[in-house]
Amino acid sequence: MLSKRIIPCLDVRDGKLTKGIKFKGNVDIGDPVQMAAFYYDEGADELVFYDITASYERRDIMIETVRKVAERIFIPFSVGGGIRTVEDMRLVLLAGAEKVSINSSAIRDPGLIAKGAAAFGSQAIVLGMDVKKVSPSQKIPSGYEMVIDGGRTFTGLDALAWAKEGERLGAGEICLNSIDADGTQKGYELHLTELIATSVNIPVIASGGAGAIEHIHDVFTEGKADAALIASITHYGTHTIKEIKSFLHEKGIKVRMTW
Amino acid sequence: MIAIIDYKAGNLTSVQRALAFLGRDSAITSSAAEVLEAERIIFPGVGAAGTAMFDLMRLKLDTALVDAYGRGKPILGICLGTQIVMDRSEENQTRCLGLIKGEVLRFPENISEPGGRKLKVPHMGWNRVKVMRKHPVFDGIDPQSEFYFVHSYFPGPRDTRNLLGETLYGIPFASVLTSSNLVAVQFHPEKSGRPGLRLLSNFCMWDGKDHA
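Quick note, the sequences are listed as chains F and C, same order.
If you use numbering that gives the first Met the number 0, the first sequence closes out at 258, no skipped numbers anywhere.
If you use numbering that gives the first Met the number 0, the second sequence closes out at 211, no skipped numbers anywhere.
No incorrect hints appear here.
Within a straight-line C-alpha distance of at most 25 Å, the following computed BS3-like cross-link-like pairs (lysine-lysine) qualify:
1) F:K163 / C:K119
2) F:K223 / C:K117
3) C:K119 / F:K253
4) F:K250 / C:K129
5) C:K119 / F:K223
6) F:K114 / C:K119
7) C:K117 / F:K253
To be clear, the hints were calculated from the coordinates, so they are not data collected in a lab.
Please work from the sequences and hints to get the whole structure.
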């Protein structure tokens with residue numbers, strides 16, 4: 000059977016990690032390529048790079064980073080942030096990423112999902128979703144609304160309806176981020192994750208809120224997620240990927256233990 | 000030299016990068032002549048069987064592959080490449096190369112895991128491969144190793160002698176096939192970490208003889 004995937008997320012700006020990452024040895028690494036290599040050796044199942052480079056002109060720096068990462072690690076990785084066109088996707092995929100993740104650009108232009116899937120296959124297109132809890136209404140019956148601009152702008156789109164629409168348009172996977180849980184380290188939004196993961200027939204990566212190993216366990220069991228995105232829990236040396244996987248393995252969750 | 004067959008089916012650079020990491024030179028080519036000159040051949044692919052066969056035939060790579068197989072050159076099929084070596088595929092009702100007898104099938108609807116939860120198609124992620132017998136291409140690979148899969152179709156070899164590896168996803172399916180100098184894997188060794196690199200490295204040293 001498939002293993003549940005553990006996916007570290009790295010934020011990159013102008014070719015550098017936005018936060019130097021501290022490990023148990025107190026090493027501070029700012030280079031995304033070294034970091035990717037470290038997580039690859041540590042047993043990460045996949046990596047996500049989120050490019051927050053502000054200026055469009057500096058995008059070539061990210062492409063160069065992707066190329067260097069692809070020469071060094073041999074597991075799938077995706078790149079998100081600032082991908083607005085099929086040509087943007089092509090550059091990132093040709094540089095060696097397995098998948099691209101589109102978020103606000105897919106909301107502005109849903110056709111981008113279909114165009115990307117037609118050009119590169121659904122497996123290459125990840126629909127990134129930033130979601131905030133709201134009072135259920137006629138417009139937002141699930142009580143979860145799609146937001147953009149880091150949660151500042153509400154779109155009027157129901158998250159459940161959007162997830163289904165994304166699947167219909169050809170997304171191969173959903174990366175589901177709860178803006179409410181993000182950064183709290185108090186656990187994933189389990190109800191949201193379960194709602195989406197059981198409503199679509201494509202894998203769902205849960206994102207936002209992991210602060211303890213138990214949170215990752217819960218998002219696989221209660222949340223029914225296929226993969227868990229992690230950041231600070233490993234970035235700051237609280238746990239290693241091996242510790243996380245050993246814990247899950249002992250609890251009877253299938254994870255990849257040999258690498 | 001290793002020829003990586005280019006028939007416009009997906010990203011081939013990842014295979015080439017993995018070979019470069021292993022210190023192996025390779026050439027991405029759509030020339031039938033180059034394929035026949037190569038010492039060994041990697042036949043990758045992502046996409047649909049119908050389009051793939053169309054492009055292979057247009058480039059005369061179908062006959063080149065059959066010839067190379069007949070001449071005993073080591074050939075490694077990857078993902079869609081593994082499906083194309085069969086007789087035919089359910090996907091777009093495509094007639095394929097026929098190097099291995101049998102048909103390519105789609106995962107049935109409503110497959111579920113032992114706990115009862117419905118399984119998603121495509122089968123995407125890390126899964127184990129039960130290797131049925133010793134083979135040089137799997138030399139030194141831990142039996143607990145997992146490999147990265149992305150596919151909705153899988154090969155169904157008619158003769159169990161062609162079945163080298165099996166994977167469980169709701170149903171057991173053939174994830175590795177072999178026939179003399181051909182090995183074909185349904186997963187992506189170039190994306191499967193160290194065990195995948197080991198497999199590629201083994202393939203680069205394989206003489207194409209199956210000692211079974």
